[in-house]
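Peer 1: So the chains spell out like this:
There are 4 protein chains.
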Amino acid sequence: MDVQAGKGDIHHRVFINKSVNLGNIKCYGFDMDYTLAIYKSPEYESLGFEMLRDRLVSIGYPHELLRYTYDSTFPTRGLVYDTAYGNLLKVDSHGNVLVCTHGFTYLRGEEVHQYYPNQFIQRDDTERFYILNTLFNLSETYLYACLVDFFTDCSRYQNYQLGFKHGDLFMSFKSMFQDVRDAMNFLHDTGSLKERTLKNLDKYVIRDPRIPLFLERIKEVAKVFLATNSNYNYTEAILKYLLDAPPDSKSPRKSWRSFFDLVVVDTQKPLFFGEGTVLRQVDMDTGKLRIGTYTGHLHHGTVYSGGSSDIICDLLDVKGKEILYVGDHIFGDILKSKKRQGWKTFLVVPELANELRVWTDNSSKQTDSGCSDHSDIGFIKSKIKKITYTMELGYGKMGSLLRYGSIKTLFASQLLRYADLYAVSCLSLLQYPSTHLFRAPNVLMPHESAVTSLTKDLPLPDLSANHIIRSTTIKPVTVGHVQCSLAQH
Amino acid sequence: MDVQAGKGDIHHRVFINKSVNLGNIKCYGFDMDYTLAIYKSPEYESLGFEMLRDRLVSIGYPHELLRYTYDSTFPTRGLVYDTAYGNLLKVDSHGNVLVCTHGFTYLRGEEVHQYYPNQFIQRDDTERFYILNTLFNLSETYLYACLVDFFTDCSRYQNYQLGFKHGDLFMSFKSMFQDVRDAMNFLHDTGSLKERTLKNLDKYVIRDPRIPLFLERIKEVAKVFLATNSNYNYTEAILKYLLDAPPDSKSPRKSWRSFFDLVVVDTQKPLFFGEGTVLRQVDMDTGKLRIGTYTGHLHHGTVYSGGSSDIICDLLDVKGKEILYVGDHIFGDILKSKKRQGWKTFLVVPELANELRVWTDNSSKQTDSGCSDHSDIGFIKSKIKKITYTMELGYGKMGSLLRYGSIKTLFASQLLRYADLYAVSCLSLLQYPSTHLFRAPNVLMPHESAVTSLTKDLPLPDLSANHIIRSTTIKPVTVGHVQCSLAQH
Amino acid sequence: MDVQAGKGDIHHRVFINKSVNLGNIKCYGFDMDYTLAIYKSPEYESLGFEMLRDRLVSIGYPHELLRYTYDSTFPTRGLVYDTAYGNLLKVDSHGNVLVCTHGFTYLRGEEVHQYYPNQFIQRDDTERFYILNTLFNLSETYLYACLVDFFTDCSRYQNYQLGFKHGDLFMSFKSMFQDVRDAMNFLHDTGSLKERTLKNLDKYVIRDPRIPLFLERIKEVAKVFLATNSNYNYTEAILKYLLDAPPDSKSPRKSWRSFFDLVVVDTQKPLFFGEGTVLRQVDMDTGKLRIGTYTGHLHHGTVYSGGSSDIICDLLDVKGKEILYVGDHIFGDILKSKKRQGWKTFLVVPELANELRVWTDNSSKQTDSGCSDHSDIGFIKSKIKKITYTMELGYGKMGSLLRYGSIKTLFASQLLRYADLYAVSCLSLLQYPSTHLFRAPNVLMPHESAVTSLTKDLPLPDLSANHIIRSTTIKPVTVGHVQCSLAQH
Amino acid sequence: MDVQAGKGDIHHRVFINKSVNLGNIKCYGFDMDYTLAIYKSPEYESLGFEMLRDRLVSIGYPHELLRYTYDSTFPTRGLVYDTAYGNLLKVDSHGNVLVCTHGFTYLRGEEVHQYYPNQFIQRDDTERFYILNTLFNLSETYLYACLVDFFTDCSRYQNYQLGFKHGDLFMSFKSMFQDVRDAMNFLHDTGSLKERTLKNLDKYVIRDPRIPLFLERIKEVAKVFLATNSNYNYTEAILKYLLDAPPDSKSPRKSWRSFFDLVVVDTQKPLFFGEGTVLRQVDMDTGKLRIGTYTGHLHHGTVYSGGSSDIICDLLDVKGKEILYVGDHIFGDILKSKKRQGWKTFLVVPELANELRVWTDNSSKQTDSGCSDHSDIGFIKSKIKKITYTMELGYGKMGSLLRYGSIKTLFASQLLRYADLYAVSCLSLLQYPSTHLFRAPNVLMPHESAVTSLTKDLPLPDLSANHIIRSTTIKPVTVGHVQCSLAQH
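Residue numbers (the working numbering), protein chains in the order written: chain A, 3 to 491; chain B, 3 to 491; chain C, 3 to 491; chain D, 3 to 491.
These are computed hints drawn from the structure, not numbers from a lab. Predicted model only: the values in this text are computed from it and were never measured. Treat the hints with caution; some may be incorrect.
No copy is singled out in the list; a pair is fine if it fits within one copy or between any two copies.
Claimed, not checked - Heads up, simulated DSS-like pairs for lysine-lysine below, C-alpha to C-alpha not over 27 angstroms straight-line:
#1 323 <-> 385
#2 290 <-> 196
#3 176 <-> 341
#4 42 <-> 176
#5 387 <-> 321
#6 383 <-> 201
#7 28 <-> 387
#8 167 <-> 290
#9 205 <-> 242
#10 196 <-> 42
#11 388 <-> 323
#12 385 <-> 176
#13 290 <-> 42
#14 383 <-> 321
#15 176 <-> 387
#16 28 <-> 399
#17 323 <-> 256
Build out the structure end to end from the sequences listed, making use of the hints.
Peer 2: Written as structure tokens, this is what we have:
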């Protein structure tokens, strides 16, 4: 297949931050949720939102909240919730505030300054600022906006800086946050969201026939493992749905487990990439864990629970740099596997389909209008603002996942630093031969560009394979002869 | 002056990572050491090396060490010392090992793998890995190499993985590290290095007549402060030397203090950018601190000790985004002021002069030779290795501060993330008008480049001034009318 | 009633570590479980044991475990489980090992030394040593012994120092510990133990008609609050059972809530005595929490959830020293309320009934036999060992809660330090007038005793009410006159 | 010598908290300062006070402070300095405030309540409360009082709750505390206090001829080591002075080192009792450390630096329970060696001489006056207050080290918990044979006393040697036969 494919194929391309040579990859690892198992949007987020919302009402929140329904055009992944003031923030990698909403109201510059002097947050203050990093957080993100919207407008409640008051009850943004998080944990611990999903798999999960094909193709050339934080029963149900041949299929029935050399559930990422937990075997008849710790060799078709990335490397006999790990969680999957273990990483970014669509549209528009040489800087600034605003709305009400005008979001900067490769879907890998060399362009530093502007396209040596080649010893010049004598000292 | 100057001026240019509009800067802050006060190289590093070395001998290290002298071609800033194995490592931002030396011996790929499986270190393990981040660390870096070199070859000592043995004394790399650090602290606490420097200022510090000129020019348009970790006496001596008019000068004598709106010594950066310490006044007659905490308004010509960046902003009545802070310490000056306070940052990188020289030389060479279309990939790889190696040696024995071939060093990646601007010297700012807009090129993300390759030079709106412009509220669609009633709940 | 009562009343006495003047107590606080609600022993512990055991079997532990039933003569409260080696330890306050069992086998001195060199544990190592502090832990304590007993003898498993091996599964003592703890949390989180208890209250909870009487009497003279970690529904069910007049009673129905000025559930002690959690109101119709934080004044008959001891003091308008807090948990109730808040404390120790019985029996025996003046020290030592052993067995298989021979246990030393008063039951307070002064005997220090042996019963001034009486200033002698002058400095 | 000696010998007695059998002690360890080397009081404290005071003046404190001289009747060891409010507090083990002074003014009950609601401090808040635990702290304690006294009365300064104001300088109690601590560290780091001491040993250190005698006697029956935080040069000078035979002595010159099996300097207690530091040899010709870590066997007459208590046990081949460690620091010496290592401990309490004297005086007075049976409780209370006050003043202006009336101080309670033995001087051990059994009286718990009041002097078995004697296994009753079968599971 032609990798130099035209614009039409851009949605199936793999994008490159750092060079990866597939020829050196001996092992592929996959997360399950939102990586192999793509949830249908907005159906799945709507389900999550409604269950969260209903849970809040069931613990005492006003029943008027039931009138809110999920609006997929509002939330963007990667927003930050300020638990002190109830605002949703879009920030860059340093913590500069790019967009700020309170409920569904966009705050203007002066208002933002009142909340955040210097228009800046210390995002290391994780006690206060909660990063809504994952696709699972989208419904929660929208719910924060709904809650603030409702209580702000509701005449029963008085507005205060830190929350709302009704009689002798004070509803702080902080306690609302805690309630939503508790509701989230409730859904998770009781398994009720998973139960609802499994009852209607066709409604919530995309069954892409290319997935078994894709995994089979990879397994021919490398080892394959799955590492998911989900439990065994859910994992089995989802992967059966995705991988088992349909009843009417002519192909012989093949177990979902046969697609993997190793299946690990309950991984507790990001803990999995550090100290990890006890590795246990799953009894596949009962779905329960075997007691005790597994200490033997790898058994094919066995499912394990817990463990750590170090144990996985041992069991599969591979080194970190030989693994390409494919996941959707920028922190739990990608940052951690890269930073703690030096794995090669592939980030799945479903939103990229939309990002590419808007960008393409705008690119052509820009080319049409161009930027004529107005000398009036005020005119230009105002035009830039207008363009940015329009572009942002093209992505959704909170704008792009990756940018605000020329400024990249926190999410984008983490993607650039930690994901070697990224794409709309892991299936994009199907477009490339199994020995493909993904070659990142050499990004020059500003002072290098300044020099090289004369001598374009300098072929910088590519050392992505990290061959360390120095071999000679260069002794320094010494005064006299530095020699140690046995007698001395 | 013409900013679009040709190649000849490249050593005086300011390079741009993020846009900074000088017109918005209301305050300039300066570190002193290696920022305003540039130490002469290698004289100053030699002095430091010799004092360290002599200290070690005086506490019992073999006197043969005295034969080592400083070799400025060996160390590169930003190396990592592995206190477990005594190796010096050049690493990238993720902890991948690029170059590894043991003493003066470069280790080959297999050797590196034995020390570092996966050729990777967890650089967050600061107990074990010590980053030699500053120009002050250069002499120390070289000393580690000397020590390992000496003991490895000395027949009195047996070599072990974790150190050397002689009789019933075991000299671990860890304890050698501790001894060097203690020696460093000894030089610092006793002030002996500073004393030697002050005795021979002409030998160790560059007196650039443009510095007073530069500071005067800035003070006309903005507030100026100095924030140094040095103590008052040293600060006064150095700045008198740099700023006071020479005795034969015709210009009236002007105090060094008059160049600043605020002078703060003993700042304890990086602590200064967080909680800080107690702010005290310096009694300029005695050089001693006034007892108690200073609580009043800013007095011109007064020198303070301690405090924090927050206090500085209050005293000078400026916000973080209005400050351009100029320093040489990538962590203590630049990363911290950016990350904790959102200041604009300017990194002084003296090595950049050399980096630019080598890069320019190589660029022209590359253009000469080109890269002919050999189809033999083995030939290309081997050629790349050779080129990388040659280029590295062009910089020094440990290679470039910023790169190993196509891979950027940890130092380079921090420079790119945290320094808005950088240059060989802070005096480079003299080349630009006081309202200059340093405009960073828009760096596209890989998927954006893929789209935009058709439509070059898209004028992305520049929002570096962070004007948040949204103003309208977009209410989401709700089922029915979400309205709260007074009666309910 | 005569407090100077004879031996017959000893089981109803309150014992005194530090003087407490009931006349100064303005507020009584009560824990619920094992304080007001006394569970029937061994029925309740048996229930807990069986549910834990069954849970383990249901997650894969061998079904042979089902043959074990609870033996109340084995466990003693306050033992320490060594998660590394699976031993149960009885220790003193410094961590000296007094008794050590592995399963049901008592280890001899040499064996103990092999496990614990110096016969000593660092009990601050809470990662490794788990203190089984509460009456709820008794069933768990027994289960650890059962598990070790079973696997040690089972021929399917090989014995290792850190656990047992069967095929490629390794069952470490650590993982067994984790499984039991998880089972404990499962019982708690699902509420299944509480459910079983509520279904058969007469079987598991002692309904003592003196409790409503006791609370009524106290409420006449002081404020009364309840602070329990249990949730609202369980608390309501238990207290209805204990306090509501029985259906056939002639007295008018009175709500359990009317016995308290303040009822707080979900207290999360010991967190409650420190930072605490959000205070919410309980909606008594639904048993659910009101959303938001309660900020108003105290409403009688209202039930709250969460909060902290500071909030309780505010709501009730009392100071820490005016509160007598009655609980059964040496750490969560007594140590924490004393150490963090300076409350007066009353520890309920149900085992004290048995301890008093055995002690009384032995005292009389001792008096019978006496200790004749054998000069053979070997004979005496051996006799002492025999006596200790016999006495220990009088208490149960792990001996007394409070002693091993002359040595006090960790539990006893905490009781002595943190509990001002202690008794078999909180109802013992009924024996004393509401203004009674519990006066602790003055315990002399060894050097004081040595002096005072001549002058018995020195009436040391009792300062339990902490009147600080000094009022005069005693200026030190100074050289000349220390005076500060306005002009100086 | 007759241990059952009368009252006359009480100052030479060893007092017993827990039984110690000298016959089982194989090793004696000694701290140096205030243990073997007793500083002359108040000469030494005066010296310390003056050097501290002068240092403060030299860094800018008002020279009027020079008029203060040390008053040994004011400070008591073990006071707590409240860095927030500048008060000195005498507290009990729970943090109840017993005495409170501000400068030299005693605060009355109401004043104390304003500072400390509930008359209680959370003494775990070590950020705020600084415990003046050691004899070295006495001069510092007095200095805090002087500083508060001076600034309070000085008309140049205004009084605020958190400190004093003069012009735009605010002198907080916190910063005064920091200045004093810094001055303390300055004296220590520069060695100036030690220098002054060594210049006039006869003035500052008691040369007791029994010390060499005592050490010799011990060395005949056990191993002896010294573990001091002082450095080698100071240690050598002090021990030479104490142990070397005087020039005119007839006995042959014997090195101070020969009195010990092991000498360790720079121990960094309390760190020494935990992880410790690197063990190095001291080069006794130069007093400098050998480089590298010592790894060999014990060499007699060698001096070591650093290390840890574990290393000491290895080198001397003894177990923790076989060591009797003699020191003066309740925390660094006694609590830590007991809690972390299970050593036997002997606390030297020089103040005990005075405590015994006052106690003896008062005992006889009490016996004279008695406590007649006045029924007027007001009269009794007032009398008790008066007695307490008088007794306190008998000890000094801050009263007894150990008591405030019937309440024991924090120091006393730590002494009772962690010191097995205590005495005025370590030389008190000379009064006892080397196999003496120090037998602690059995202290009964309150409920035991209540029972035993009938049957006095029950000979509780003494298990201080910790023989664990149980040997039989007692299998629990099981339902059926708990047996595991090979086939199952």
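Peer 1: Decide, hint by hint, whether the structure agrees.
Peer 2: Hint-by-hint comparison with the structure:
| no. | hint | verdict |
| --- | --- | --- |
| 1 | 323 <-> 385 | between (47 angstroms within a copy, 24 angstroms between copies) |
| 2 | 290 <-> 196 | both (17 angstroms within a copy, 25 angstroms between copies) |
| 3 | 176 <-> 341 | between (32 angstroms within a copy, 25 angstroms between copies) |
| 4 | 42 <-> 176 | neither (31 angstroms within a copy, 42 angstroms between copies) |
| 5 | 387 <-> 321 | between (49 angstroms within a copy, 24 angstroms between copies) |
| 6 | 383 <-> 201 | neither (53 angstroms within a copy, 55 angstroms between copies) |
| 7 | 28 <-> 387 | between (48 angstroms within a copy, 24 angstroms between copies) |
| 8 | 167 <-> 290 | between (47 angstroms within a copy, 19 angstroms between copies) |
| 9 | 205 <-> 242 | within (16 angstroms within a copy, 48 angstroms between copies) |
| 10 | 196 <-> 42 | within (14 angstroms within a copy, 41 angstroms between copies) |
| 11 | 388 <-> 323 | between (45 angstroms within a copy, 24 angstroms between copies) |
| 12 | 385 <-> 176 | neither (39 angstroms within a copy, 55 angstroms between copies) |
| 13 | 290 <-> 42 | neither (29 angstroms within a copy, 34 angstroms between copies) |
| 14 | 383 <-> 321 | between (51 angstroms within a copy, 23 angstroms between copies) |
| 15 | 176 <-> 387 | neither (33 angstroms within a copy, 51 angstroms between copies) |
| 16 | 28 <-> 399 | neither (42 angstroms within a copy, 35 angstroms between copies) |
| 17 | 323 <-> 256 | neither (31 angstroms within a copy, 61 angstroms between copies) |
Figure legend: structure checked against the earlier numbered hints; hints not met, in rising order: 4, 6, 12, 13, 15, 16, 17.
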